[in-house]
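S.K.: Starting from the known structure of chain A, arrange chain B with the ligands on it as the hints suggest.
Protein chains in written order, with the UniProt record's numbering: chain A, 1 to 309; chain B, 1 to 368.
Hints in this document: simulated from the structure, not taken from any laboratory.
Quick caveat, the model's predicted, so the values are computed rather than measured.
Backbone N, C-alpha and C define an ideal beta-carbon position, used for all residues, glycine too.
Some hints could be false.
Unchecked claim - As a list, the in silico EDC-like pairs of lysine to aspartate or glutamate whose alpha-carbon atoms are at most 20 Å apart:
#1 K266/A x D221/A
#2 K222/B x D92/A
#3 K365/B x E74/A
#4 K365/B x E71/A
#5 K86/A x E199/B
#6 K222/B x E201/B
#7 K266/A x E250/A
As the list claims (entries may be wrong) - Derived, one-sided and incomplete: chain B residues facing chain A with beta-carbon distance under 10 Å:
#8 R169
#9 S171
#10 E172
#11 I209
#12 T210
#13 L354
#14 V358
#15 R362
#16 D368
Said to hold, decoys possible - Computed footprint of chain B on chain A; a stretch qualifies when at least three of its residues, placed anywhere within it, have a C-beta under 8 Å from a C-beta of chain B:
#17 54–66
#18 95–107
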Amino acid sequence: MTDAAIVANGLTRRFGDLVAVNDVDLEIAHGQIYGFLGPNGSGKTTLIRMLCGLLTPSAGTARALDFQLPEQAEPLRRRIGYMTQKFSLFDDLSCKENLNFLARIYGLDNSQRQMRITTLLNQFNLEPLSSRQAGAMSGGQRQRLALAAATLHEPELLFLDEPTSAVDPQNRRDFWETLFDLSEAGTTLLVSTHYMDEAERCHQLAILDNGNLKTQGVPADLMGALKGRVIDVQGDGLRAVRQQLMTSNEVLSAAQQGDRLRVLLKKPVQDIGVFKQWLPGDQTLHCEPAKATLEDVFVETTQADETPC
Amino acid sequence: MLSLRRINAVTLKEFAHMSRDRMTFGMIIMIPLVQLLLFGYAINTMVRDIPIGVVDLSGSAAARVITEQVRVSQVVDIVATYNTPDAAEAAIVAGEIRAALIFPENLPQRIASGRTVAQWLVDASDTMVSSALLALRSMPLRLEAGAPPGAYSASTPSFEMALLFNPERRSEVNIVPGLTAVVLTMTMILFTSLALVRERERGNMELLITTPVLPLELMIGKLLPYVLVGCVQVGIILGLGGWIFRIPFAGSFTALAGVTLAFIAASLTLGLLISTLARTQLQAMQMTIFVLLPSILLSGFMFPYDAMPEAAQYIAEAFPATHYIRLVRGVVLRGADAGHMLPDILWLLGFTALLLLVASARFHKRLD
Ligand SMILES: Nc1ncnc2c1ncn2[C@@H]1O[C@H](COP(=O)(O)OP(=O)(O)OP(=O)(O)O)[C@@H](O)[C@H]1O
Ligand SMILES: [Mg+2]
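Next up, chain A with everything else stripped away, as it sits in the complex:
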C-alpha cells in the first residue's frame, strides 16, 4: 500500500474536441482534505468522476486506494462515498427512506443499519426532518442529507462535488466542522469548490482552469508566495487609476473593492515608492502593501499566461 490515497498521472478526458481535463498529475495523501478550486467548466466534476471510476479517462492513469481505475472501479465503490454536484437522492422518498435504501445497498445488516442511521440523523441534525420527503427539504437540509448518505458506509475516501453551493455561510461553517471531524477520523476528502473561503480551509489545494491543473500546494504557502505583489490603493478617481495601471506591463490585474483598488503585480516590489511611479502623477493616493488572499492566488494562476484585460 502506498502512502497516497489517490495518484493520477497525465489524466486527460476529452469530449469530442473539447479537452475537459488536460494532463493532470495528482498525489493526495491519506487523511487530508484536498480542494479543487476552479471556475465553472474548469473540469472539477469531470476529474472527480474519473477518480471514482464513473468516467473512463481518454489518456493517463489513476489509482484510488490502490485500485487501478477504471478497471477496478467495482471493488473501489464499496470504499468511497460520492456526493454529486446535483442532488441525486430520491425526491419522493423521505430522509429516512433514502438512508435506509442506501444502507441496504451497501449491505449493512438490520442492527448496523438502524444504529448508523440514528447516529447520522443525530450528527447532521436531521432528526426533526427524518420523515420529510427529500424534495420538500431546503437546499441546506438536502445537502446535509446528501453528506449523511455519502458517509453512511463509513468510506475511506469521500468525494464532495461543490457540496456547499446552496448553503448559507453559517451552515457552511458547520458543514466544514463535520468535514474536519471526518478527516480527523482518517477519511480522505476531495472537495471541489469555487468559494475562496472554503478553499482556504483545505489542507492542500489544486487550482484548475480550463481543464489544466495550474498549481497545487498548501493554501497558506500559495498565498505566501505572493508576498510583495499585492498593493492596496486608496483615494479618489480610482476608475481612472485602474485604466492607467492596466496599461502597465508590471501589473497583472487591478480590481476595485469598494473604495479601494487591489492591485496584483507581476513581480514583487520591495519599495512602495517604485510602485507609485506607475500611478498617474497628479493624484493624492494612499498605497500600502497588502496580505495576499486566495483570490489573488487564483487570479495569479489563471491569468498569468493571458494578457491583462
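M.R.: For chain B with the ligands alone, coordinates are given in the frame of chain A:
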C-alpha cells in the same frame, strides 16, 4: 391580446426541440407507416386457413372426396389426421387445431340415406373463427354416386356441428381472457420502460452507479414490485370480469398463475430493454407505443391470428402477447394445462432471460 410574435417564438422553440430529438422525428414517420401496414395488410377479418384435423373412421373413398372439397373451400388448412375423435379433441384443447372433421364408420350408409355425412368438433371460443367454420355446415357436396338427388345442396345441412367451450358463441368469453394480455402489455411495458430513464433524467443514476449495486440486481429489484401489480390486474380482470360476464374457468389455477407470471416477466423485461435504449422519458413512452401497437393488434386479441398473412404471423410470434393470448385462452377456456402448451411457455421464459441479459449488458455503471 394574443401576440403573433410570442406564438411564433413558442412554435420555433418546439420545432427546435423536435429536431434535436431524432427518436420523436422517427416516430412521426414510423407510427403512420406501421399502422398502415398493420391495418391494411396484416389485419384481415375474413378468416381463412383455419388449422384443422381430420378423423376418418370410415376409411372410405367418399371421406377423401369430401375432405378434398372442404380443403378447396380455403376456409381451412388441414394440418393433421388423427385415429380417434379423442385424439382430435385433445389436439383442440392443446390449441394445435381449431376444429376436427370426424367421419363416422357408417359414412356410406349415411350418404345413401341423405343424412349429415360427418361431424365437426369446433373450438367456439373465438366467434370469428367459429362463424367461418359454421358457414361450412351447409356447404354443397358433390358426390359421385349413392346420394339421393337433392341432398347436400345449400338447403340441407351437410355436417353436424358440435361447439366446444363456448356453445352460446358469446364474444366476451373470448375477449375477457384476452384482455388480460392487453392490459398487462400496456401497463407492464410502460411502467418499466420509464424505470431507468426516469432515474437518469432526475440525476439519481449518478448516485446509483457509484454504489456496489450490480446492474442485474438493480434490474431484478426494479421488476419485482410490478410482478405483484400484474398479478393484481389479472386477478381483477379474470375475477371480476369472469363473474360479471360468466366466463367459464376450465383450467387449473396453478397453470394460470404459471403462464401469467411468465408473461409478466417477459413484458417487464421488454420494458426494461426500452428503458436502456431511451434517453428521455418521452422517448421511452414513444418506443412503448411503438411496441404496443403491433403487439396488441397482431396478438389475436381482436383479429384472429389464423386470418393473418404468414409474414404477419411471423412478426406476431416475436411479441410475448401473442403467446400469452394463446396460453391464457387455452388455460381459462379449454382447460389446457402447461404441458399442452410448452413451446409458448418456453418461448416466454427464453425471451425474458435473453432480454434481461441484453438489458443488463446495455446498462453500464459508467457515465461515458
Ligand atoms: N458529458 C459531457 N459531454 C460533453 N461535454 C462535457 C460533458 N461533461 C462535461 N463537459 C464539458 O467539460 C468541461 C468541464 O466540465 P465540468 O462539469 O467538469 O466542469 P466543472 O468544473 O465541474 O464546472 P461547474 O463548476 O460548473 O460544475 C465543460 O466545458 C463541460 O461543458
Ligand atoms: Mg461541476
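S.K.: Each hint needs a verdict: does it hold in this structure or not?
M.R.: Evaluation of the provided hints:
At most 20 Å may separate the alpha-carbon atoms for a hinted pair to count; K266/A and D221/A meet this at roughly 18 Å. Note on K222/B and D92/A: the hinted pairing holds, with a Cα-Cα distance of about 16 Å set against a maximum of 20 Å. A threshold of 20 Å between alpha carbons decides the hint, and for K365/B with E74/A the separation of about 9 Å falls inside it, so the pair holds. Note on K365/B and E71/A: the hinted pairing holds, with a Cα-Cα distance of about 12 Å set against a maximum of 20 Å.
Distance restraint check for K86/A and E199/B: the Cα-Cα separation of roughly 13 Å lies within the 20 Å cut-off, and the hinted pair is therefore satisfied. For the hint linking K222/B to E201/B, the alpha-carbon distance of about 17 Å falls within 20 Å, and the restraint holds. Between the alpha carbons of K266/A and E250/A the distance comes to roughly 5 Å, so the proposed pair stays at or under 20 Å and holds. For R169/B, the suggested interface contact is broken, since its CB lies about 50 Å from the closest CB of chain A, more than 10 Å.
Evaluation of the S171/B hint against chain A yields a violated restraint, the C-beta minimum of about 43 Å exceeding 10 Å. Interface hint at E172/B: violated, since its Cβ lies 40 Å from the closest Cβ of chain A, which is beyond the 10 Å cut-off. Hint on I209/B holds. Least Cβ distance to chain A is approximately 6 Å, under the 10 Å limit. The beta carbon of T210/B is positioned within 10 Å of a beta carbon in chain A (closest approach about 4 Å), and the interface hint is therefore held.
The closest approach between the C-beta of L354/B and any C-beta of chain A is roughly 25 Å, which is over the 10 Å cut-off, so the hint fails. At a threshold of 10 Å, the smallest CB-CB gap from V358/B to chain A is about 21 Å, leaving the interface hint violated. With a cut of 10 Å, the hint placing R362/B at the interface with chain A is violated, because the nearest CB-to-CB distance is about 17 Å. For D368/B, the interface hint holds, since its Cβ comes within 10 Å of a Cβ in chain A; the closest pair sits about 5 Å apart.
Counting residues of the segment 54–66 of chain A whose C-beta sits closer than 8 Å to any C-beta of chain B gives 3, which meets the bar of three, so the coverage hint holds. Taking a C-beta to C-beta cut-off of 8 Å, the segment 95–107 of chain A contributes 4 residues in contact with chain B, enough for the three needed, and the coverage statement holds.
In this structure, the hints that do not hold are numbers 8, 9, 10, 13, 14 and 15, in rising order.
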